[in-house]
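Residue strings, one per chain:
There are 2 protein chains.
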Amino acid sequence: MSAPTLRRARMKIAVLGTGMVGHALAGKLVALGHEVMMGSREAGNPKGTEWAAQAGPRASAGSFADAVATAELVINATPGMVSLAALEEAGAENLAGKVLLDVSNPLDFSHGFPPSLSVCNTDSIAETIQRTFPEARVVKALNTVMAPLMVDPLRLDGGAHDVFVAGNDDGAKAAVVGILREFGWLPEHIRDLGGLEVARGTEMWMPLWLRIFMRQQQGKLFNIAVVSE
Amino acid sequence: MSAPTLRRARMKIAVLGTGMVGHALAGKLVALGHEVMMGSREAGNPKGTEWAAQAGPRASAGSFADAVATAELVINATPGMVSLAALEEAGAENLAGKVLLDVSNPLDFSHGFPPSLSVCNTDSIAETIQRTFPEARVVKALNTVMAPLMVDPLRLDGGAHDVFVAGNDDGAKAAVVGILREFGWLPEHIRDLGGLEVARGTEMWMPLWLRIFMRQQQGKLFNIAVVSE
Numbered sequence: 001m002s003a004p005t006l007r008r009a010r011m012k013i014a015v016l017g018t019g020m021v022g023h024a025l026a027g028k029l030v031a032l033g034h035e036v037m038m039g040s041r042e043a044g045n046p047k048g049t050e051w052a053a054q055a056g057p058r059a060s061a062g063s064f065a066d067a068v069a070t071a072e073l074v075i076n077a078t079p080g081m082v083s084l085a086a087l088e089e090a091g092a093e094n095l096a097g098k099v100l101l102d103v104s105n106p107l108d109f110s111h112g113f114p115p116s117l118s119v120c121n122t123d124s125i126a127e128t129i130q131r132t133f134p135e136a137r138v139v140k141a142l143n144t145v146m147a148p149l150m151v152d153p154l155r156l157d158g159g160a161h162d163v164f165v166a167g168n169d170d171g172a173k174a175a176v177v178g179i180l181r182e183f184g185w186l187p188e189h190i191r192d193l194g195g196l197e198v199a200r201g202t203e204m205w206m207p208l209w210l211r212i213f214m215r216q217q218q219g220k221l222f223n224i225a226v227v228s229e
Numbered sequence: 230m231s232a233p234t235l236r237r238a239r240m241k242i243a244v245l246g247t248g249m250v251g252h253a254l255a256g257k258l259v260a261l262g263h264e265v266m267m268g269s270r271e272a273g274n275p276k277g278t279e280w281a282a283q284a285g286p287r288a289s290a291g292s293f294a295d296a297v298a299t300a301e302l303v304i305n306a307t308p309g310m311v312s313l314a315a316l317e318e319a320g321a322e323n324l325a326g327k328v329l330l331d332v333s334n335p336l337d338f339s340h341g342f343p344p345s346l347s348v349c350n351t352d353s354i355a356e357t358i359q360r361t362f363p364e365a366r367v368v369k370a371l372n373t374v375m376a377p378l379m380v381d382p383l384r385l386d387g388g389a390h391d392v393f394v395a396g397n398d399d400g401a402k403a404a405v406v407g408i409l410r411e412f413g414w415l416p417e418h419i420r421d422l423g424g425l426e427v428a429r430g431t432e433m434w435m436p437l438w439l440r441i442f443m444r445q446q447q448g449k450l451f452n453i454a455v456v457s458e
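In order, the protein sequence lines correspond to chains A and B.
Heads up: the first sequence begins at 1 in the working numbering, then just goes up one per residue.
Heads up: the second sequence begins at 230 in the working numbering, then just goes up one per residue.
Treat the hints as calculated values from the structure; they're not laboratory data.
Incorrect hints may appear among the rest.
List of simulated lysine to aspartate or glutamate pairs, DMTMM-like, C-alpha gap at most 25 Å [what the hints assert, rightly or not]: (1) Lys220(A) to Glu411(B); (2) Lys449(B) to Glu93(A); (3) Lys28(A) to Glu458(B); (4) Lys449(B) to Glu35(A); (5) Lys449(B) to Glu188(A).
Stretch by stretch, here's where chain B covers chain A in the computed footprint (C-beta under 8 Å, at least three residues) [to be verified]: (6) 18-31; (7) 42-52; (8) 193-200; (9) 216-225.
Since this is a predicted model, take the numbers as computed values, not measurements.
Backbone N, C-alpha and C fix where the C-beta goes; we use that ideal spot for every residue, glycine too.
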């Protein structure tokens with residue numbers, strides 16, 4: 001008898017962004033059996049092509065538009081300050097009807113470190129994306145978590161720490177929760193907090209996250225857990 | 230032989246604010262042996278005088294200025310939107326040189342619930358108070374925690390959850406940490422994150438706190454713990 005497994009559909013996934021977060025997500029998704037195209041501003045971006053060359057036959061690289069055009073699910077792993085421009089290049093028509101998992105944070109480094117936020121309080125980057133691309137099915141998740149933990153939560157304390165999910169489309173949230181389960185997130189630590197406006201809260205957590213990060217020993221993983229009665 | 234105890238100085242403490250947070254703090258401080266005056270806008274405020282009447286001989290009530298004038302340590306437990314006005318009434322000369330523990334949050338309910346913040350991102354209410362009263366020794370702490378847990382952290386998970394401390398004056402922070410220890414906070418869960426600008430982060434945690442709160446079973450206590458390697 002085989003062990004019980006999650007029902008897992010192989011998907012075509014676009015990962016937009018070639019930074020640490022994009023690499024972590026794209027690499028894990030390929031390892032899980034998905035077909036992943038890493039998207040960047042220029043189709044020949046060496047970060048994308050080098051990743052694709054070493055990540056095996058299910059990995060490829062292309063422009064933002066190339067990646068999104070054929071994808072069933074899109075992950076925005078670009079920095080929040082450039083996410084709208086990246087998604088404009090991807091094309092509203094390519095995004096229409098698709099689940100768009102937004103893991104970005106609107107960090108503004110123009111005044112130094114630690115960064116401030118380019119949008120907050122009464123708006124969020126996730127809501128801005130949803131307004132700009134009304135036919136995309138935007139879900140906010142994972143932006144509160146360090147890249148290595150996003151795709152391997154069990155590395156820290158047996159997975160006893162939390163990830164937050166927000167979005168207006170229940171089907172899209174279910175798809176994202178499916179991905180989180182594939183990454184190893186435990187159901188009781190996946191906290192669906194409601195509609196996409198909740199992203200204001202998860203994005204505004206960043207300033208405290210950064211202060212905790214600055215006090216951590218370098219290289220040590222951390223996250224938060226909600227402790228409740 | 231007596232059990233080891235914390236070195237505990239009986240202090241005269243002003244608690245500004247007659248709401249749930251003020252009551253929780255004032256009540257616990259009296260129980261710990263401190264002399265507490267609960268301050269409010271009008272010296273005859275019934276919330277203050279009723280509290281003082283039932284809280285015993287070490288409890289009293291008065292105006293903001295009355296409370297601060299004789300205090301060695303001041304706690305701002307007024308709503309963030311009115312904290313500056315309350316402290317103006319308390320008087321800059323009364324605040325000069327004193328530790329001022331700011332537990333307020335700049336919650337703006339003028340557009341409904343959940344509230345937005347009246348100041349955030351590149352400033353905080355704590356920093357605003359410090360700028361306005363440069364001779365006060367402002368420390369931000371406890372604003373991230375529910376009132377019942379502020380003064381009794383051991384009620385939840387044996388105290389295995391976190392409180393954050395920020396301020397520019399190390400002596401003032403040490404005094405506040407002393408109070409936190411008296412409340413029962415465990416040393417490894419008192420996280421000093423640095424200067425007062427860290428208050429931007431702890432105040433900006435509120436929007437996520439509120440969303441978690443809205444999903445909690447009514448009346449259930451919760452807080453967060455930093456989980457790290």
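Comparing the hints with the structure gives:
1. Of the supplied pair hints, the one linking Lys220(A) and Glu411(B) is violated, its CA atoms being roughly 31 Å apart against a limit of 25 Å.
2. Restraint check for Lys449(B) and Glu93(A): the C-alpha separation of about 45 Å exceeds 25 Å, so the hint is violated.
3. Using a Cα cut-off of 25 Å, the hinted pair Lys28(A) and Glu458(B) holds, with the two alpha carbons roughly 22 Å apart.
4. Taking the CA atoms of Lys449(B) and Glu35(A), the gap is near 43 Å; set against the 25 Å cutoff, the hint is violated.
5. Using a Cα cut-off of 25 Å, the hinted pair Lys449(B) and Glu188(A) holds, with the two alpha carbons roughly 17 Å apart.
6. Counting residues of the region 18-31 of chain A whose beta-carbon sits less than 8 Å from any beta-carbon of chain B gives 0, not enough to reach three: the coverage restraint is violated.
7. Given as covered by chain B, the region 42-52 of chain A fails the check, having 0 residues with a CB less than 8 Å from a CB of that chain where 3 are the minimum.
8. Check on the region 193-200 of chain A: 4 of its residues sit with their Cβ under 8 Å from a Cβ of chain B, so the three-residue criterion for coverage holds.
9. Requiring three or more residues with a Cβ within less than 8 Å of a Cβ of chain B, the coverage given for the region 216-225 of chain A holds, as 7 such residues are present.
Hint compliance for this structure: hints 1, 2, 4, 6, 7 are not met, and every other hint is.
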